[in-house]
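What follows is the residue order along each chain.
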Amino acid sequence: MKITLVKKIKLDGSLCKKCEEVQQKLEATGQIDLIDEVLIADERDPSSQGMELASLFNVDRAPFFLVEREGEAPEIHTIYFKFVKDVLNQKTREEDDLKEILNDNPDLDFL
Amino acid sequence: MSENHLPTVDLDQKLSEQTPQEILAYALEQFDNIAISFSGAEDVVLIDMAYKIAPKKVQAFSLDTGRLHSETYRYIEKVREHYNITIDVVFPESEAVNNLVREKGLFSFYKDDHKECCSIRKIGPLRRKLLTVDAWITGQRRDQSPGTRAAIPVIQDDKAFARPGASLTKFNPLANWSSDQVWAYIRSNNVPYNELHDRGFVSIGCEPCTRATGPNQHEREGRWWWEEATLKECGLHDVNIKK
Chain A
94 MKITLVKKIK LDGSLCKKCE EVQQKLEATG QIDLIDEVLI ADERDPSSQG
144 MELASLFNVD RAPFFLVERE GEAPEIHTIY FKFVKDVLNQ KTREEDDLKE
194 ILNDNPDLDF L
Chain B
10 MSENHLPTVD LDQKLSEQTP QEILAYALEQ FDNIAISFSG AEDVVLIDMA
60 YKIAPKKVQA FSLDTGRLHS ETYRYIEKVR EHYNITIDVV FPESEAVNNL
110 VREKGLFSFY KDDHKECCSI RKIGPLRRKL LTVDAWITGQ RRDQSPGTRA
160 AIPVIQDDKA FARPGASLTK FNPLANWSSD QVWAYIRSNN VPYNELHDRG
210 FVSIGCEPCT RATGPNQHER EGRWWWEEAT LKECGLHDVN IKK
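Top line first, the protein sequences correspond to chains A and B. The first sequence runs 94 to 204 under this note's numbering. The second sequence runs 10 to 252 under this note's numbering.
Hints were generated in silico from the structure; no laboratory data involved. Treat the hints with caution; some may be incorrect.
What the hints assert, rightly or not - Using C-beta positions, here's what the derived DEER-type ranges look like:
| # | chain 1 | residue 1 | chain 2 | residue 2 | range |
| --- | --- | --- | --- | --- | --- |
| 1 | B | N108 | A | R162 | 33 to 41 Å |
| 2 | A | Q142 | B | A221 | 46 to 54 Å |
| 3 | A | T185 | B | S117 | 17 to 25 Å |
| 4 | B | G114 | A | K110 | 44 to 52 Å |
| 5 | B | T141 | A | R162 | 19 to 27 Å |
| 6 | B | R111 | A | D138 | 43 to 51 Å |
| 7 | A | K110 | B | D19 | 30 to 38 Å |
As the list claims (entries may be wrong) - Sample of chain B residues with no beta-carbon within 10 Å of chain A, all distances over it, derived:
| # | residue |
| --- | --- |
| 8 | E26 |
| 9 | Q27 |
| 10 | A34 |
| 11 | D57 |
| 12 | H78 |
| 13 | H123 |
| 14 | I161 |
Unchecked claim - Listed below are the simulated DSS-like cross-link pairs for lysine-lysine, each with C-alpha atoms no more than 27 Å apart in a straight line:
| # | chain 1 | residue 1 | chain 2 | residue 2 |
| --- | --- | --- | --- | --- |
| 15 | A | K118 | B | K113 |
| 16 | B | K138 | B | K66 |
| 17 | A | K192 | B | K113 |
| 18 | A | K178 | B | K138 |
The beta carbon of each residue, even a glycine, is placed where N, CA and C say it ideally should be.
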């Protein structure tokens, strides 16, 4: 299995806030060691590797994880806690999980 | 017929030109295990439309946060009886609600924001329900919130709630309809509606977080109004700092 993390650099040159938070969580938990490659999606450069991957897999948010397993279709994960649970098989706190889903999908609170 | 994975981006372009009924017919044809999310408000039009397309396939669910208006509970029951359908009412985990209330009280959303409460009372049960289906249908519309719903597609690959290793398709057949169109449908088809609408409620959610709106107010102003005010205040501070 190969795991690629794609982080976004915004038009003003700064790293996106959520990418920063996810990076910190990965480092704090040691999960960063399970990431094989980190790519940058630079909004100022559509040909940056991360931007090309985002376009290829039709991903519209960052950060995201590309998971490649031999003989299987690649998977994209845009929700950190779901990625940790489903791919890294590590436990997450339900409330963190749910909050992240709502933060990433603010339209859901209107449901 | 049930498909595992649809090319949602291509389909969105095609389905966007179709009517909500055509989109619903497509969804119901593609999936056997598909459910309509019914909030107890004007999204009842989806149930009415689906009932007219394939009455035996109508499977609906409602999220009972425990804080809905009594009018909404009565209305959900009315819809169930009117269409003679099953409405699966799903509830939050009691332990999570207990913990929130014990730690922060019953109205923490007025002090913090609504997200913590919504995530426990809505997103948790929603996730549990969606783990049991292959596709779901919502009444989300672009005109409901210029901020958060402006780009809602008609069909999308729902990665947030999909089961591990599986796909979940989300349909928003009303995405391109306006509130006026929804209400024209309700009135011309004699669809039962929540009595709160006759009292000025445009958008209906939980009782403490919903209020009636006045003329020319956007329906979003009837939900979490205290947070909007906070945002405006912060914006002013920002301008002052830049000056």
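Worksheet entry | Given as non-interface: A34(B), partner chain A, CB spacing beyond 10 Å | holds, 23 Å
Item to complete: Could you say whether the range 44 to 52 Å given as a hint is met by the Cβ separation of G114(B) and K110(A)?
Response: violated, 29 Å
Discussion item. Check the hint pairing K118(A) with K113(B) against an upper bound of 27 Å on the C-alpha distance.
Written reply: OK: K118(A) and K113(B) at ~26 Å, within 27 Å.
Practice prompt. Against chain A, does E26(B) hold up as non-interface, every C-beta pair farther apart than 10 Å?
Written response: Correct as stated: the minimum Cβ-Cβ distance to chain A is 20 Å, above 10 Å.
Discussion item. Beyond 10 Å on every Cβ pair: is that true for H78(B) relative to chain A?
Written reply: holds, 16 Å
Worksheet item: Regarding the assertion that Q27(B) does not contact chain A, is the least Cβ-Cβ distance greater than 10 Å?
Response: holds, 21 Å
Discussion item. Over 10 Å from every CB of chain A: does H123(B) meet that, or does the non-interface label fail?
Written reply: violated, 7 Å
Worksheet item: Does I161(B) sit more than 10 Å from chain A, CB to CB?
Response: Given a closest Cβ separation of 7 Å, the condition is violated.
Worksheet entry | Consistency of beta-carbon spacing, D138(A) to R111(B), with hint 43 to 51 Å | With Cβ atoms ~50 Å apart, the hint holds.
Discussion item. Hint check: K192(A) vs K113(B), CA-CA at most 27 Å. Holds or violated?
Written reply: holds, 16 Å
Worksheet item: Taking the beta carbons of Q142(A) and A221(B), is their distance inside 46 to 54 Å?
Response: Given range 46 to 54 Å: holds, Cβ gap about 52 Å.
Worksheet item: Cβ-Cβ distance between K110(A) and D19(B): within 30 to 38 Å?
Response: holds, 32 Å
Of the numbered hints stated above, those contradicted by the structure are hints 4, 13, 14, listed in ascending order.
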